[in-house]
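Chemist: Quick note on numbering: the sequence shown equals residues 59 to 180 in this note's numbering.
Mixed in with the good hints, there may be bad ones.
Here are the computed distance ranges between Cβ atoms for each label pair [said to hold, decoys possible]:
| # | residue 1 | residue 2 | range |
| --- | --- | --- | --- |
| 1 | Asp133 | Ser108 | 43 to 53 Å |
| 2 | Glu162 | Glu139 | 10 to 20 Å |
| 3 | Leu91 | Thr126 | 37 to 47 Å |
| 4 | Val77 | Glu110 | 11 to 21 Å |
| 5 | Ile146 | Thr83 | 46 to 56 Å |
| 6 | Thr83 | Glu155 | 21 to 31 Å |
| 7 | Asp158 | Ser124 | 15 to 25 Å |
| 8 | Val80 | Phe150 | 22 to 32 Å |
| 9 | Glu139 | Glu85 | 19 to 29 Å |
| 10 | Glu78 | Thr165 | 51 to 61 Å |
| 11 | Ala89 | Glu155 | 14 to 24 Å |
| 12 | Ser124 | Lys147 | 38 to 48 Å |
Calculated pairs, EDC-like style, for lysine to aspartate or glutamate (alpha carbon to alpha carbon, straight line, at most 20 Å) [to be verified]:
| # | residue 1 | residue 2 |
| --- | --- | --- |
| 13 | Lys141 | Asp157 |
| 14 | Lys164 | Glu139 |
| 15 | Lys141 | Glu129 |
| 16 | Lys82 | Asp133 |
| 17 | Lys166 | Asp133 |
| 18 | Lys148 | Glu110 |
| 19 | Lys141 | Asp158 |
| 20 | Lys166 | Glu155 |
| 21 | Lys96 | Asp114 |
Since the hints were made in silico from the structure, they are not lab data. Glycine is no exception: its CB is placed at the ideal position from the N, C-alpha and C atoms.
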Amino acid sequence: MFENADKCVKTYKTEEQHVEVVYKTIEYRLAMLEKNLKKYFFAEDNLIASYEWVRDPFQNTPEELSSTEEEIFIDFTSSGEIKRQFCIKKLFQFWVEVDDEFSELKTKEFRILLPFSTSYLC
Numbered sequence: 059m060f061e062n063a064d065k066c067v068k069t070y071k072t073e074e075q076h077v078e079v080v081y082k083t084i085e086y087r088l089a090m091l092e093k094n095l096k097k098y099f100f101a102e103d104n105l106i107a108s109y110e111w112v113r114d115p116f117q118n119t120p121e122e123l124s125s126t127e128e129e130i131f132i133d134f135t136s137s138g139e140i141k142r143q144f145c146i147k148k149l150f151q152f153w154v155e156v157d158d159e160f161s162e163l164k165t166k167e168f169r170i171l172l173p174f175s176t177s178y179l180c
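Given only the sequences and the hints, what does the whole structure look like? Please build it.
Modeler: Right, here's the structure in full:
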């Protein structure tokens, strides 16, 4: 899998300055990878906390809802059948199967969850 890295280490094993260059290159690449991954994962706790309602809508309330969305959310969380479904299904499966009656909530939720399922293609 890392044929090139193995060749570099074998080729430059005896020459310390070349090994140091390889290590610095690897360190640089890892730093760039860390920098690029930060755009997919939020660093601020308040952003993460604002999405907690997706993981458990019965314990957390979404922020910045319109009055219509707030009414829909109240209907959604007061449904016993939906709560039962939430308990027995995996998170993504639960949200996929939510009725069209709650399509506004479903749309908000998918805008939060979908980037994580597709970020590996970037």
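Chemist: Of the numbered hints stated earlier in the document, which are not met by this structure?
Modeler: Hints 1, 4, 6, 8, 9, 11, 12, 16 and 21 are the ones this structure does not satisfy, whereas the remaining hints hold.
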